[in-house]
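Chain residues, written in single-letter form:
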Amino acid sequence: MKNENVIEVENLTKAFGAFKAVNAISFEVKKGEIFGFLGANGAGKTTAIKMLIGISHPSSGKAKVVDYDVYTQPEAIKRNIGYMSQRFALYDDLTVQENINFFGGIYGLSRKVIREKSKNLLVELGMHEISSKLVGSLPLGWKQKLSFSVALLHEPKIVFLDEPTGGVDPITRRQFWEMIYKAADQGTTIFVTTHYMDEAEYCDRVSIMVEGKIEALDTPKNLKQQFKVTSMNEVFLKLARNIE
Amino acid sequence: MKRFIGFIRKEFYHIFRDRRSLFILFGMPIAQILLFGFAITNEINNVNIAIQDHSKDASTLEIINKISNSKYFSIKQIISREAEIESIFQKGKIKAVLNFEKDFGRNLIKEKSAKIQIITDATDPNTANSITNYINAILQNYQLEKNKSIQIDYQIIPQTRMVYNQELKSVFMFVPGVMTIILMLVSAMMTSISITREKELGTMEILLVSPLKPFQVIIGKVVPYIFLSIINAAVIVLLSIFIFKMPVEGSLFLLGAESVLFIITSLALGILISTISDTQQSAMMISLMGLMLPVILLSGFIFPISSMPAPLQVISNIIPAKWFIIIIKGIMLKGVGLAFVWKETLILIGMTVFFIAVSVKKYKIRLE
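Residue numbers (the working numbering), protein chains in the order written: chain A, 1 to 244; chain B, 1 to 368.
Because the hints were derived from the structure by calculation, they are not lab data.
Quick reminder that beta carbons are idealized off the backbone N, C-alpha and C, glycines included.
Among the hints, erroneous ones may be present.
Some, not all, of what chain B presents toward chain A, calculated at C-beta under 7 angstroms [stated by the list, open to error]: (1) G6; (2) K10; (3) H14; (4) T203; (5) E205; (6) V209; (7) S210.
Just chain A, with the same shape it has in the complex:
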């Protein structure tokens, strides 16, 4: 079971005119894996994610997400994935509970299911006492955790996290990664992009994108050996420098 692939990408390309934002990338992600998707700004990470989550059409290549084809079954993909962007987009003028109800509702969860799930979720996050507070009044770290929990509400098979820890302090980041581990333990696949190289060390496997191509893909340990360095930070810098 552990070897089952939930994402299979082959020569996936997105071209804007002559410019190839994503240039024939190929990789697989296994079920329950924490897959780090790294790259400098403008390397094509966001474009690649948009194709995988079904809001952008690839120019060529193949991609399957949770057994569904990105060309023909984007709707099925959307039902089976969760997504959290770098802005932890929740509605500031809605309360914690209303946000949960709304996002549960658009994924088609019944009122009863939402009620049960949100009760557990709020207790787990320690937010049950502030469930009727507006999200806008919460600190950033809390919004981030809530946003992640909301993305998991409909029990997606894969969660895509696009720079989920931007602007958050190290302690909250650490707590957030504990939440990620927990979700992965329960069998949810985590597909995460980040700028923080210490976070890259937490991933099972890491791919590094440079100028539209995947230049490296392995476990953090193997990558460090391959490049004969001691941290992911150095791996990243070496790769980026070689290309220049």
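Got chain A; can you put chain B on it based on the hints?
Here is chain B on its own, set in the frame of chain A:
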């Protein structure tokens, strides 16, 4: 369907929790209609005038009485020296001065002609013009009465009738215009702002990744505004009927249906604006500059289209508000039915379809 209801509930939360948008939605229509109805008017009423009477005889007295008895003028000052005219105009309260020549009454009888000078403050040319016309009319009337006993060879008696607005109430003209502006503003501006807000916050991305289809997201965003706009239209019509005694000669049902059509046209325009702007600010600027000004200036709301220069007359055709104003004026004042406004109705429908088609196309490009 259940997802959809949840979406609409969320949209109402947004609206009711934002005081600014609540004010725009409900405060503005009422404020505007009262403002236009009471304060802003083209009519002449109780205009302050001054009299300089060099003659002081029976006939000048008669004319002065006639003028002061009309509800249009009130005589505020009697002046004796020419030099005073300049200074009272500068103070700005007096809008016109009537100057009777010396021996007015005697000249009238002996010479069969006497002179009266009407001096108006033309800093506001429209008012000055109206004042002159009103005074002329009063003088004409005086002459006719005097000449009753005398046999004249022939005489033209014009019989004027102002149809559809007998009393020439300007509120009759403003109500359709204000209604148009409000519906346009609420529908187009508010929806484009609320859609771009989701883009700005990044929640639009989340919605697009959810199983909701893009068109469901958009419809979910506009449905609440359709409701609110209909309420607004109803409030405006009720205010104008009960406060300003504006008639609704035609069918209320047709008026309602046409209003809904125009609301949808405006919403389509709002969606179009939201596809070309990424921030709330730019959406607001485009709505204000691109919609409000043309609606006020070129729709025939305040300035008659027929007296515009030809190029502007052509441009006025692409403004949806122009057609809607023609429709509601027809229904409210003339009592016409669909048979008379089908052309305008078709134009509005055509515009709506066009706006939606362009939005869909723009939206698709975005997704590519």
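*Report the numbers of all earlier hints that the structure fails to satisfy, in ascending order.*
none
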